[in-house]
Amino acid sequence: MNKKIDHSVPQTEPRESWTFSPEVNAEIRRAAATGIYDIRGGGAKRKLPNFDDLLLLGASMSRYPLEGYRESCNTTVVLGDRFAKKPLLLNIPITIAGMSFGALSGNAKEALGRGASAAGTSTTTGDGGMTPEEREHSSMLVYQYLPSRYGMNPDDMRKADAIEIVVGQGAKPGGGGMLLGQKISDRVAEMRNLPIGIDQRSACRHPDWTGPDDLEIKILEIREITGWEKPIYVKIGGARPYYDVTLAIKAGADVVVLDGMQGGTAATQDVFIEHVGQPTLACIRPAVQALQDLNVHRKVQLIISGGIRSGADAAKALALGADVVSIGTAALIALGDNDPVFESEYNKLGTKAGCYDDWQEGRDPAGITTQDPELTTRLDPVVGGNRIKNYLKVMTLELQTLARACGKTDVRNLEPEDLCALTIEAAAMAGVPLAGTDWIPGRKTEDVYGNIF
Amino acid sequence: MKIFDLEKHSLREINQSLQTSEITEGKKIYEIRNPKGSHAVAVGLKAKINVNIHGSTGYYCGGMNQKAKIHVFGSVGPGVGENMMSGDIIIEGDASQYAGATGHGGVLLIKGNASSRCGISMKGNDIVVLGNIGHMAGFMAQSGNLVVLGNAGEGLGDSIYEANIFVRGKVSNLGADCIEKDMRKEHLVTLKRLLKKSNCSVKPQEFRRFGSARTLYNFEIDNVNLY
Ligand SMILES: Cc1cc2nc3c(=O)[nH]c(=O)nc-3n(C[C@H](O)[C@H](O)[C@H](O)COP(=O)(O)O)c2cc1C
Numbered sequence: 001m002n003k004k005i006d007h008s009v010p011q012t013e014p015r016e017s018w019t020f021s022p023e024v025n026a027e028i029r030r031a032a033a034t035g036i037y038d039i040r041g042g043g044a045k046r047k048l049p050n051f052d053d054l055l056l057l058g059a060s061m062s063r064y065p066l067e068g069y070r071e072s073c074n075t076t077v078v079l080g081d082r083f084a085k086k087p088l089l090l091n092i093p094i095t096i097a098g099m100s101f102g103a104l105s106g107n108a109k110e111a112l113g114r115g116a117s118a119a120g121t122s123t124t125t126g127d128g129g130m131t132p133e134e135r136e137h138s139s140m141l142v143y144q145y146l147p148s149r150y151g152m153n154p155d156d157m158r159k160a161d162a163i164e165i166v167v168g169q170g171a172k173p174g175g176g177g178m179l180l181g182q183k184i185s186d187r188v189a190e191m192r193n194l195p196i197g198i199d200q201r202s203a204c205r206h207p208d209w210t211g212p213d214d215l216e217i218k219i220l221e222i223r224e225i226t227g228w229e230k231p232i233y234v235k236i237g238g239a240r241p242y243y244d245v246t247l248a249i250k251a252g253a254d255v256v257v258l259d260g261m262q263g264g265t266a267a268t269q270d271v272f273i274e275h276v277g278q279p280t281l282a283c284i285r286p287a288v289q290a291l292q293d294l295n296v297h298r299k300v301q302l303i304i305s306g307g308i309r310s311g312a313d314a315a316k317a318l319a320l321g322a323d324v325v326s327i328g329t330a331a332l333i334a335l336g337d338n339d340p341v342f343e344s345e346y347n348k349l350g351t352k353a354g355c356y357d358d359w360q361e362g363r364d365p366a367g368i369t370t371q372d373p374e375l376t377t378r379l380d381p382v383v384g385g386n387r388i389k390n391y392l393k394v395m396t397l398e399l400q401t402l403a404r405a406c407g408k409t410d411v412r413n414l415e416p417e418d419l420c421a422l423t424i425e426a427a428a429m430a431g432v433p434l435a436g437t438d439w440i441p442g443r444k445t446e447d448v449y450g451n452i453f
Numbered sequence: 001m002k003i004f005d006l007e008k009h010s011l012r013e014i015n016q017s018l019q020t021s022e023i024t025e026g027k028k029i030y031e032i033r034n035p036k037g038s039h040a041v042a043v044g045l046k047a048k049i050n051v052n053i054h055g056s057t058g059y060y061c062g063g064m065n066q067k068a069k070i071h072v073f074g075s076v077g078p079g080v081g082e083n084m085m086s087g088d089i090i091i092e093g094d095a096s097q098y099a100g101a102t103g104h105g106g107v108l109l110i111k112g113n114a115s116s117r118c119g120i121s122m123k124g125n126d127i128v129v130l131g132n133i134g135h136m137a138g139f140m141a142q143s144g145n146l147v148v149l150g151n152a153g154e155g156l157g158d159s160i161y162e163a164n165i166f167v168r169g170k171v172s173n174l175g176a177d178c179i180e181k182d183m184r185k186e187h188l189v190t191l192k193r194l195l196k197k198s199n200c201s202v203k204p205q206e207f208r209r210f211g212s213a214r215t216l217y218n219f220e221i222d223n224v225n226l227y
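Listed in order, the protein sequences are those of chains A and B. The opening residue of the first sequence carries number 1 in the working numbering; numbering runs sequentially from there. The opening residue of the second sequence carries number 1 in the working numbering; numbering runs sequentially from there.
These are computed hints drawn from the structure, not numbers from a lab. Positions of the beta carbon are idealized from the N, C-alpha and C atoms, including for glycine.
Derived BS3-like pairs (lysine-lysine); straight-line CA-CA distance at most 25 angstroms:
{"#": "1", "chain 1": "B", "residue 1": "LYS36", "chain 2": "B", "residue 2": "LYS8"}
{"#": "2", "chain 1": "B", "residue 1": "LYS111", "chain 2": "B", "residue 2": "LYS67"}
{"#": "3", "chain 1": "B", "residue 1": "LYS111", "chain 2": "B", "residue 2": "LYS28"}
{"#": "4", "chain 1": "B", "residue 1": "LYS69", "chain 2": "B", "residue 2": "LYS48"}
{"#": "5", "chain 1": "B", "residue 1": "LYS27", "chain 2": "B", "residue 2": "LYS196"}
{"#": "6", "chain 1": "B", "residue 1": "LYS69", "chain 2": "B", "residue 2": "LYS8"}
{"#": "7", "chain 1": "B", "residue 1": "LYS69", "chain 2": "A", "residue 2": "LYS159"}
{"#": "8", "chain 1": "A", "residue 1": "LYS159", "chain 2": "B", "residue 2": "LYS67"}
{"#": "9", "chain 1": "B", "residue 1": "LYS192", "chain 2": "B", "residue 2": "LYS69"}
{"#": "10", "chain 1": "B", "residue 1": "LYS196", "chain 2": "B", "residue 2": "LYS48"}
{"#": "11", "chain 1": "B", "residue 1": "LYS48", "chain 2": "A", "residue 2": "LYS159"}
{"#": "12", "chain 1": "B", "residue 1": "LYS36", "chain 2": "A", "residue 2": "LYS250"}
Derived, one-sided and incomplete: chain B residues facing chain A with beta-carbon distance under 7 angstroms:
{"#": "13", "residue": "ASN15"}
{"#": "14", "residue": "HIS39"}
{"#": "15", "residue": "VAL43"}
{"#": "16", "residue": "GLY44"}
{"#": "17", "residue": "TYR59"}
{"#": "18", "residue": "THR102"}
Derived DEER-like restraints, expressed as beta-carbon distance ranges:
{"#": "19", "chain 1": "B", "residue 1": "ASP182", "chain 2": "A", "residue 2": "ASP293", "range": "53 to 63 angstroms"}
{"#": "20", "chain 1": "B", "residue 1": "GLU31", "chain 2": "A", "residue 2": "ARG240", "range": "43 to 53 angstroms"}
{"#": "21", "chain 1": "B", "residue 1": "ARG12", "chain 2": "A", "residue 2": "ASP155", "range": "16 to 26 angstroms"}
{"#": "22", "chain 1": "A", "residue 1": "PHE83", "chain 2": "B", "residue 2": "GLU31", "range": "23 to 33 angstroms"}
Take these sequences, add in the hints, and give me the full structure.
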């Protein structure tokens, strides 16, 4: 039976299945061996249409540019002046997104606060409440109001500069938070009022309101508790952006935070991260349309997050109509997350720099997504704060460079007409013409030169 | 006594007056008339004052209360005493959904019945209901005590953490991971204190205690059908 292969006859090449790729097969084997779905941190890793698929056109004959460094290009933004007596004034249209103490170490939270404050922008608490350290080191702190209400209390609420009601997150619209036992240290357990060492699953729905009508009353209550001073944000995941933004505005939000599917998370099922929600790029135009239809574009500000990495991403998001962008993962990378200097330690954890995403395990060599007392000391909050400040400054300079190149005296004067798309998908999602054409897939009424068909 | 009237004063005026820290603590009574179902009445109070509300309120009456004693001579809408930190809230009538949700401290006494999700995600507060409670009471309740003199609806204590639920009447059924537990001495002491505070003459021994089986605390694939 041992038939010998005759090498003189051409053979079929061994061929890997595209459907059953090595990665897919490995996951099937892992599931079969362990009986538990894959939980991890970070955002969607699959390739998605994103800001790289858009280009800015720049100025030429029909538009003239501004002198780099000399002619001013405003980056300040006021957030929350719809109803709040004390709106926030940001020096730059980039904020630090909500990431919980618990998911992140105290040092990491402090570093984010220091960096954001030095750059003139806000940072945000997260699931688990406000720590005195982050309040102290953040000149503008947004207090998240989450379904779990861990650590929620009126004193911290009054100390906050704004309140963000979290309805959902881009990484997991419709899912609650997760913090696994390894990260429930004594302090985290105490802040959340939970036994030490248990897997903690935050609720996915708010306990005392269910829809936009009672959210409106909830917002009234929070305004009454805080004397109508503080801006109220509503954060949603990128699910049905047109309707969700419409309802958030109707409920009385001062600011809408919209987080697309690339948005990072501290820990969630991989199946959730990769298969639920819409890409950030696809969320912005419907959201802006909702604001415009209700006549509140620029009056209710729109913060966009989910995969923002650079001033170029920020410029494109602003051109599509956002007021501000927000960063999570990028800020962690700026602090040292996934840095190749820790390569050998990542290898010991069975991964490599750039791929490490088991943030839920609390063994982060960079000392960021951990509560381990030894590991957390690896991140010096002052050094980290400086890195965040530098990174935010670079992003802002990049953003201004691009805005000036398009002839804008304010970064928010960037507009969809300053953009073209490299792919048909991106053109359709962003509602801008495919490069070299006047074609916007999915739009019928008008071409880019204003000719009605 | 200082009288506010929601037909004459705005909600903002009333809440602001009650919230100002210089407000005189002690015996003085602040009376609110004509709430007529208004939402967010007497929220965010932080001084040890007495507030009597004559009539029924809408959502979130006494929300996030600290120290104040709020007495409602009527019924209350959803979320009464939500996230209360301390103080007392007394309801003469019935309470709608989510009564005492996420509260961290203080005592909420409901003399009538409470609807569904009473004590959802409670984090250390005490809730006493003299009547019956609806379904899914004590859902994900983390700590504190929920005392019910009447009956409890379906799914009692679903996904409960370390809170205690005491029921004197019948329980329709228990939610995931909630079991009947032994009534130990410390529980009888707690019950006695809360019953006394609520002016109830029933005996602690008449109650049964429910709490977490703790099988869902760390993920176990074989428990997946319980979730
Ligand atoms: C470690 C980590 C923890 C997070 N924790 C929270 C949280 O507590 N609440 C929340 O609303 N979003 C949380 N998020 C999501 C961020 O607020 C934000 O939506 C997301 O990170 C933006 O996408 P980006 O990571 O691609 O910048 C978290 C994200 C990360 C990476």
